[in-house]
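Start from chain A and add chain B according to the hints.
From first to last, the protein sequence lines are chains A and B. So my numbering is basically just the index in the first sequence, starting at one, shifted up by 7. So my numbering is basically just the index in the second sequence, starting at one, shifted up by 7.
It is possible that part of the hints are untrue.
Note that the list lumps identical chains together, so a pair holds whenever it fits in one copy or between two copies.
What the hints assert, rightly or not - Below, computed lysine-lysine pairings styled on DSSO-like, alpha-carbon distance capped at 27 Å:
id	residue 1	residue 2
1	Lys338	Lys311
2	Lys167	Lys337
3	Lys61	Lys311
4	Lys167	Lys338
What the hints contain is simulated information worked out from the structure, not anything from laboratory work.
There are 2 protein chains.
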Amino acid sequence: MKVAIIGFGVVGRGLAKVLYSKEKCLKERFGEFKVVAVCDRSGAVVDEDGLNLKEVIEVKEKTGKLINHDKGRELSPLDVIREIDFDVTVEVTPSNLETGEPAKTHILESFKNKKHVVTANKGPLALYFKELVENAKKHEVYFRYEATVGGAMPIINLAKENLAGNEILAIRGILNGTTNYILTKMEKEKVDFETALKEAQELGYAEANPSQDVDGLDTAAKIVILANSIMGLNKSIKDVRIKGIRKITPEALFLANKRGYTIKLIGEIRENRLVVEPMLIPLESPLNVKGTLNVAMFETDLAKEVVVVGRGAGAEETASAILSDLIWIKKRL
Amino acid sequence: MKVAIIGFGVVGRGLAKVLYSKEKCLKERFGEFKVVAVCDRSGAVVDEDGLNLKEVIEVKEKTGKLINHDKGRELSPLDVIREIDFDVTVEVTPSNLETGEPAKTHILESFKNKKHVVTANKGPLALYFKELVENAKKHEVYFRYEATVGGAMPIINLAKENLAGNEILAIRGILNGTTNYILTKMEKEKVDFETALKEAQELGYAEANPSQDVDGLDTAAKIVILANSIMGLNKSIKDVRIKGIRKITPEALFLANKRGYTIKLIGEIRENRLVVEPMLIPLESPLNVKGTLNVAMFETDLAKEVVVVGRGAGAEETASAILSDLIWIKKRL
Numbered sequence: 008m009k010v011a012i013i014g015f016g017v018v019g020r021g022l023a024k025v026l027y028s029k030e031k032c033l034k035e036r037f038g039e040f041k042v043v044a045v046c047d048r049s050g051a052v053v054d055e056d057g058l059n060l061k062e063v064i065e066v067k068e069k070t071g072k073l074i075n076h077d078k079g080r081e082l083s084p085l086d087v088i089r090e091i092d093f094d095v096t097v098e099v100t101p102s103n104l105e106t107g108e109p110a111k112t113h114i115l116e117s118f119k120n121k122k123h124v125v126t127a128n129k130g131p132l133a134l135y136f137k138e139l140v141e142n143a144k145k146h147e148v149y150f151r152y153e154a155t156v157g158g159a160m161p162i163i164n165l166a167k168e169n170l171a172g173n174e175i176l177a178i179r180g181i182l183n184g185t186t187n188y189i190l191t192k193m194e195k196e197k198v199d200f201e202t203a204l205k206e207a208q209e210l211g212y213a214e215a216n217p218s219q220d221v222d223g224l225d226t227a228a229k230i231v232i233l234a235n236s237i238m239g240l241n242k243s244i245k246d247v248r249i250k251g252i253r254k255i256t257p258e259a260l261f262l263a264n265k266r267g268y269t270i271k272l273i274g275e276i277r278e279n280r281l282v283v284e285p286m287l288i289p290l291e292s293p294l295n296v297k298g299t300l301n302v303a304m305f306e307t308d309l310a311k312e313v314v315v316v317g318r319g320a321g322a323e324e325t326a327s328a329i330l331s332d333l334i335w336i337k338k339r340l
Numbered sequence: 008m009k010v011a012i013i014g015f016g017v018v019g020r021g022l023a024k025v026l027y028s029k030e031k032c033l034k035e036r037f038g039e040f041k042v043v044a045v046c047d048r049s050g051a052v053v054d055e056d057g058l059n060l061k062e063v064i065e066v067k068e069k070t071g072k073l074i075n076h077d078k079g080r081e082l083s084p085l086d087v088i089r090e091i092d093f094d095v096t097v098e099v100t101p102s103n104l105e106t107g108e109p110a111k112t113h114i115l116e117s118f119k120n121k122k123h124v125v126t127a128n129k130g131p132l133a134l135y136f137k138e139l140v141e142n143a144k145k146h147e148v149y150f151r152y153e154a155t156v157g158g159a160m161p162i163i164n165l166a167k168e169n170l171a172g173n174e175i176l177a178i179r180g181i182l183n184g185t186t187n188y189i190l191t192k193m194e195k196e197k198v199d200f201e202t203a204l205k206e207a208q209e210l211g212y213a214e215a216n217p218s219q220d221v222d223g224l225d226t227a228a229k230i231v232i233l234a235n236s237i238m239g240l241n242k243s244i245k246d247v248r249i250k251g252i253r254k255i256t257p258e259a260l261f262l263a264n265k266r267g268y269t270i271k272l273i274g275e276i277r278e279n280r281l282v283v284e285p286m287l288i289p290l291e292s293p294l295n296v297k298g299t300l301n302v303a304m305f306e307t308d309l310a311k312e313v314v315v316v317g318r319g320a321g322a323e324e325t326a327s328a329i330l331s332d333l334i335w336i337k338k339r340l
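Chain A with its partners taken away, still in its complex shape (with noise of 0.2 Å):
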């Protein structure tokens, strides 16, 4: 099976490295996935035979480009999309939830093409998915995301395979890792929002500008991507009441654990209605997790409760449910 991953930050090597590191024992339990073509903003490289992609890998950390040594003029994503021949797209640019772009364009155009496409992109799902999902299904290609929610944690191929034949009635969860890592962090040490946050940000676990993850944003947009992908809805950011965990004391959190309580930052979809905000949490209940963890729990009509927890973070952690999705897809083909 031939790939291309468009955009080459911290994902896009993260799989590409795996695909390396792994290649003999995927290749012995699914057949080969041979990477024709890598390209992000600084370029495009593209081997048809397939890349060296321990190479393509050096030459951008070095550099911070991709450069091509075969063809003669540069090529963008959609070119590569249009031009070279494989079979999947991983669309891993970074993530913009206000327009969706340039991922929107390069998912579509890759579906035109009938190329399948894997991706770990939250905000053309987020803002788009039920023209994305009608796309796929128009040009009879396979569209997986299982990425863009819950990093490693297995969560929209779970809900839909492993509890096919359930009714999910209500989903639930811990959708952010840095957020969790402030509320675990202020909890135990008793230090305030800003203390924790500060730390979060040396420890690589929040951004400079922390506003998606600690407003609630990043939340809302993957409980957007639950709600439709799951539970059949058709809802966008906007319908997602937001409130983010800025105002949350180590008193109130104080206050709780002595109550038997603590409190989560909790994406919830339940009759229709989703909503993203601080909620308390038995501390005896399985959504307690700690640390940077993710978790999520399904309420269904015959399994009942359901929870898994994982990591929703981190190059390695994304690239395995980006490489499960592939996996499936190969079985497919």
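Chain B in isolation, oriented as in the chain A frame:
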């Protein structure tokens, strides 16, 4: 898709009730699941146009028997497998961890007659895993057994599909709800093992003869199935070091709590070794789930730790797992 249910106890009837009560919704989403035969030790009912499941369940629950109005002669399960036209055998006779029978024969005879098999029966899988899997492959039929471990909790298919591409380095978990109920009760109410066991029996969580649960054999059978199916080992129950929970005292639980731990009966597969024994688990670990819940933690190379929590038993819960396997097969026929 035509289905025969072999075994009509709690699990078989639970599946029949689900197929009957969700008939319309399942048909819309996945197509038809037509049950053409149901049999157990008391007899067999057959209708190649599809049984009236509501009636079959009612008669069985009223008379204790399966009564066939259509056929002149009594059909045994093997007669049904050999003579009736259907696609999938659902084997849900009682588990026998010493011989694996009669399930093993039902499963092998199904393969021979080109029937796919879905089972909730631990016995044959814990004793003859390799033989069964190879036999299914030889006859080119599907063999699915999600319901054998962890009830409604997704575990086998989760590891093989959602975590495909990962190397599973270790698995540990609470795979028996009865022992978890007893230990939770002892911990919370400071009662001894016998008292907690008695209450579990009164509530129907433990059998009159509780040995398979409390002495660890049930958990051992399940980790054998996980070791073979997920980690590609070739183990049998005799390869498991087994220790039960009879010697755990409320004092031991109290002391563990004081140090930040609890005690759980854990099944573990690590470095080719299979162990079932009471282990100290940090109070904050995702493995510290309460009551009758089951939990499993996978340690993997890419996703790192992934934890899943769910209900390990119950008629509808087991039906959920069987149904996910039936749907999986339906999609491939």
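Evaluated hints:
no.: 1; hint: Lys338 x Lys311; in the structure: between (31 Å within a copy, 24 Å between copies)
no.: 2; hint: Lys167 x Lys337; in the structure: both (19 Å within a copy, 15 Å between copies)
no.: 3; hint: Lys61 x Lys311; in the structure: between (46 Å within a copy, 23 Å between copies)
no.: 4; hint: Lys167 x Lys338; in the structure: both (17 Å within a copy, 13 Å between copies)
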